[in-house]
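*Asks:* Single-letter residue listing:
Number of protein chains: 2
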Amino acid sequence: MANFDVHILGCGSALPTTRHLASSQVIDLRDKVYMIDCGEGTQVQMRRMRIKFNRLNHIFISHLHGDHCFGLPGLISTFGMLDRTADLYIHGPKDVERYLDPILHLFGKGLPFEVKYNHVDTGQQALVMEDRSLRVYSIPLNHRIPACGFLFEEKPKEAHLIREMADFYRIPVKRLRGIKQGEDYVTPDGEVVPNARLTRPADPPKRYAYCSDTAFSPQIIPIVEEVDLLYHEATFVTADIARARQTFHSTAAEAAEIAKRAKVKRLVIGHFSARYDDESLLKAEADSIFPGTILANEGMLLSL
Amino acid sequence: MANFDVHILGCGSALPTTRHLASSQVIDLRDKVYMIDCGEGTQVQMRRMRIKFNRLNHIFISHLHGDHCFGLPGLISTFGMLDRTADLYIHGPKDVERYLDPILHLFGKGLPFEVKYNHVDTGQQALVMEDRSLRVYSIPLNHRIPACGFLFEEKPKEAHLIREMADFYRIPVKRLRGIKQGEDYVTPDGEVVPNARLTRPADPPKRYAYCSDTAFSPQIIPIVEEVDLLYHEATFVTADIARARQTFHSTAAEAAEIAKRAKVKRLVIGHFSARYDDESLLKAEADSIFPGTILANEGMLLSL
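Keeping their order, the protein sequence lines are chains S and U.
Every letter in the first sequence is one number past the one before it in this note's numbering, and letter 114, counting from 1, is 114.
Position in the second sequence (from 1) plus 304 gives the number in this note's numbering.
Check each hint, because a few of them may be wrong.
[Claimed, not checked] Now the in silico label distances, taken between C-beta atoms and shown as ranges: (1) Leu281/S <-> Arg402/U: 39 to 47 Å; (2) Met49/S <-> Arg504/U: 55 to 63 Å; (3) Asp287/S <-> Leu410/U: 50 to 58 Å; (4) Lys109/S <-> Ile525/U: 28 to 36 Å; (5) Arg48/S <-> Arg402/U: 26 to 34 Å; (6) Arg50/S <-> Asp507/U: 48 to 56 Å; (7) Gly596/U <-> Arg275/S: 44 to 52 Å.
[Claimed, not checked] Simulated pairs of lysine-lysine, BS3-like, Cα-Cα distance not exceeding 30 Å: (8) Lys413/U <-> Lys94/S; (9) Lys174/S <-> Lys32/S; (10) Lys52/S <-> Lys157/S; (11) Lys109/S <-> Lys420/U; (12) Lys420/U <-> Lys94/S.
Because the hints were derived from the structure by calculation, they are not lab data.
Virtual Cβ for every residue (Gly too), placed ideally from N, Cα, C.
Just chain S, same shape as in the assembly (with noise of 0.2 Å):
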């Protein structure tokens, strides 16, 4: 069966500590990894998570802030020594491409591969990246700096094949795939079987939604509705509200009362403030919202 993990690289805030790294994600979704943010420190934890530097095409920017972007230059370096040759895609704000085109030039000559950038209007939901797996888009935030959150739609998948029903009607090979894809079967004697009959429903597609960074913006809901998985920055714990509402950054009651609110089916927070030794005050404050609640962590898996 596919899968679709969400892994967990780093998610802590602009101040470094030694609980957390920057932020950085990956999707990992049948052949391929995609990579949501990239703060400085991202390539070392892909060798720590063994995740495959060559399965990974493309890189989504929420924002130009040094804690999602800075590990950019190090990774895009290591491709070019791994001799790289496919293309990078890399989707963000157009600001992404004003710090990296200038870096690559000093330091990139003789790269194998093309660094191709997705200029993203962080102000409106819309398709930002299609393959033959997923869609992706835009989830406009409200931040400090033009920043947007990113919703990965799952295609839908094939039907399961009733194994005994093939068997019984022998149906060849060649026919199978069509048959997953929706279409009835035609025997030999131009009986006509029912496609109903020969499959069970495809399982439902999957959706995994990312926020970060924004205050608290109830606009989001309708965009991650009933998704299967959201992570939601939860920078401060209420008390601090002061804080969050000065930095444009969301409570873990902020997230919460969002994951409540679009009816999603698992939350998980993460982006803490250095300022908490003790996130477990950040997973109680969402968890008396949003039962269930999960605490970012690095090296995390997801599975949806």
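Here the structure of chain S is known, so what remains is to put chain U in place on it, guided by the hints.
*Replies:* Showing chain U alone in chain S's frame:
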């Protein structure tokens, strides 16, 4: 007594591994720390090693390869968040400014301190920086791009006061500083007590040399002669000498040969290629020429 400590923050080479971090060191001398190179992840490593951010005013960059400078944007951003106000001096090849300046322009708006560049001519041995504790000189190296090492030379220290003699002559406290710096003492009766009777000689000034990255370069020998500690890159073993030549790196044997000919007191090797799981090979090779060679490691403290 004054300390002169070298902390190894990272001693790997360009490709990330789970064993080592990218190059960075911190020298802790009297009341200040000085950084040499600043690879990706350096700021987190400073936190882990409990090195105080506000004691750092000078960063020395050997050359513009990413594994020696991709940690600068994150470190500088963190200084900003910590409300640093003291100027930060960055000494290195002039391309350091070409690299950093556009990034600071995009990310560093409103930094509460100034970043000042000191362009180092990597082609000659010259005084790079001087303060009341030390002088720092460049060491021309031979790499694929302009690169230099750095020689840290402690300034002469004060002589040791012989407490019993000071008591015997009832020397006023306000005279002691001058005596430690070489003055004689004149008693109220007019008797001249020569300085040599009141003091023991100061400890000899310590010297530390950092040479990375470089091909085998015997021309550095007179510069690093008899230093207390030499850090020399040893990216490869002799079996991979063709690769060392091609990339302008040194073998462990060559690092040891430099140390031996320069009669340095101690040698520590680093910048290990990702290809060696077992670094005892590098140590064995260096030891056969310079016995007692130290293998650098993250978190290591070397006291001079």
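*Asks:* So which of those numbered hints doesn't the model satisfy?
*Replies:* 3
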